[in-house]
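Trainee: Chain by chain, the residues:
There are 2 protein chains.
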Amino acid sequence: MILCRTIPELKAAVSKFKRELTEGETIGFVPTMGYLHEGHASLLRRSTKENRFTVLSIFVNPMQFGPNEDLDKYPRNEERDLALAEASGVHAVFLPSVEEMYPNRPLTKVTVSQVTERLCGASRPGHFDGVGLVVGKLFHLVQPDRSYFGMKDAQQVAVVQQMVDDLNFPVEIVPCPIVREPDGLALSSRNVYLSAEQRQQAVVLSQSLELAKKWLDEGKLTPNELLQRVQNHITSVPQAEIDYVELLTYPRLEQVPANDPISGSSPLILALAVKFGTTRLIDNTLLTFGG
Amino acid sequence: MILCRTIPELKAAVSKFKRELTEGETIGFVPTMGYLHEGHASLLRRSTKENRFTVLSIFVNPMQFGPNEDLDKYPRNEERDLALAEASGVHAVFLPSVEEMYPNRPLTKVTVSQVTERLCGASRPGHFDGVGLVVGKLFHLVQPDRSYFGMKDAQQVAVVQQMVDDLNFPVEIVPCPIVREPDGLALSSRNVYLSAEQRQQAVVLSQSLELAKKWLDEGKLTPNELLQRVQNHITSVPQAEIDYVELLTYPRLEQVPANDPISGSSPLILALAVKFGTTRLIDNTLLTFGG
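Going down the list, the sequences are from chains A and B. Okay, so the first sequence: first residue is 1 according to the numbering used here, each after it adds one. Okay, so the second sequence: first residue is 1 according to the numbering used here, each after it adds one.
One thing to keep in mind: the hints can contain errors.
Copies of the same chain are indistinguishable here, so a pair counts whether it falls within one copy or spans any two.
Stated by the list, open to error - Capping the alpha-carbon separation at 16 Å, the derived lysine to aspartate or glutamate pairs in EDC-like fashion look like this:
hint	residue 1	residue 2
1	Lys-16	Glu-78
2	Lys-11	Glu-172
3	Lys-275	Asp-165
4	Lys-152	Asp-129
5	Lys-109	Asp-129
6	Lys-49	Glu-86
7	Lys-213	Glu-225
Hint data in this document are derived by calculation from the structure and do not stem from the laboratory.
Hey, can you work out the whole structure from these sequences and the hints?
Mentor: Below is the structure:
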């Protein structure tokens, strides 16, 4: 496994891989902010299975954090990350410093409209501009054929896919399923912030998504009715503070009529952001309908 | 010469070229809006000289025209363009329709700040967003090693270089000198709009740039003094209507103190936009100082 801390080192590794590729072989890429867990490992395993070479990037991108967010305390563990990468069959890890990625303040902004208006785009102003910028930079540096993203950040997948389509990036975006703890909690690097009590209560996120599917199977509901039930379930635990609970089309993330019965004309996403103390967790599920 | 009207056709041509490249060989790219003249030809010749393969794109990009600009009447002559391309040794021409480039309204915006604040960025709001979008798309589709741009659009060169630096596009931007008519008028597809009388008067643009250099050689001037003399020279012809005459740093395009003598601490650009009737012409010269 090649460790690259600078852009020239990464470019040398990518050139080497490209020279070694034979007809039909590809490079896979998994961009992360590190503190890797089984969710990241599932992306890496899929990439190493589907591509000749896999590049992992670990970069806590300051441009996608707001001024009052958790940039400074975002968890890091380089040694463990590298061990997990090696065990997952990764061929190169790109671990740049902030100065390496942003030697000067960038004057270029990549902005995706509409898809970023709701959910985390609304709660975290500027977040997806930062994501667009860093993903654009990384795609240009790594030049992958495929890039793997976890569906826990479903809006991020939608935004990156929109940017790839609009700008004709020669990269296939591969969305991958959310990986969960045995009790249902979606894996997240931020779970480490939770107290024991909060960790127990946080199970209401995935529970409420499962309940929502059950309620929809049992009979017709309007978005308003469904969202009310989900909110009630989440706030049944004392420390949960809802940031948003929304039902939108996917991947366009447009609103659906609040008081018409939910129907299966297009795939919908039920997405949640809930704070436990200062820790903000997100989760979601896609709802598809048989008829 | 391969003619590509669709993205799949272009991708097939690019793949073919990439397969045929041997170690150290490169692909050059010249993006244009067609109605090619000797200025474009100079870019194409330089590219065919410096690269194994050269791709030319001809696309009148609606996204970089304002609502009251000359999109509908922008001159076109596909047959002559293809003959010139062939004669210049081009290997593939990409000639997409608007629908091919924009099958849906793009939601992604590429915006470069600061460098776009003055000159054409101020006179043509949104123009450089359109340029950034189409250049980003074309770079992703053609995947060139080098791309050639004429310095007549000096601000465009600065904006594209900024975007390439900020987003780590793996493309070298090659700025090429302005090509002029024997009397000094910078070549432009828009020159065809000029009446015989306007064409004669339009020589004041390049004349005033040459005079400016002479005046600066003769003695110290402030930007205000220099710009006043240039404006006087331009408006000495009856049909010239000044859009802007500016002296800025290059490539950052920042203002210099208006009343301090011009000095050679950093390269400066003297840039003009002048209307003759409805036809807007631009020209510029870089000023570098011996000491």
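Trainee: Each hint should be assessed against the structure and marked as holding or not.
Mentor: Structure-based check of each hint:
1. Lys-16 x Glu-78: The answer is neither: 24 Å in one copy and 41 Å across copies each exceed 16 Å.
2. Lys-11 x Glu-172: Classified as between: cross-chain Cα gap 15 Å, same-chain 20 Å, threshold 16 Å.
3. Lys-275 x Asp-165: The answer is neither: 33 Å in one copy and 38 Å across copies each exceed 16 Å.
4. Lys-152 x Asp-129: neither (19 Å within a copy, 32 Å between copies)
5. Lys-109 x Asp-129: Answer is both; intra-copy 7 Å and inter-copy 10 Å each pass.
6. Lys-49 x Glu-86: Cα proximity of Lys-49 and Glu-86: one copy only (14 Å, versus 44 Å across).
7. Lys-213 x Glu-225: within (13 Å within a copy, 74 Å between copies)
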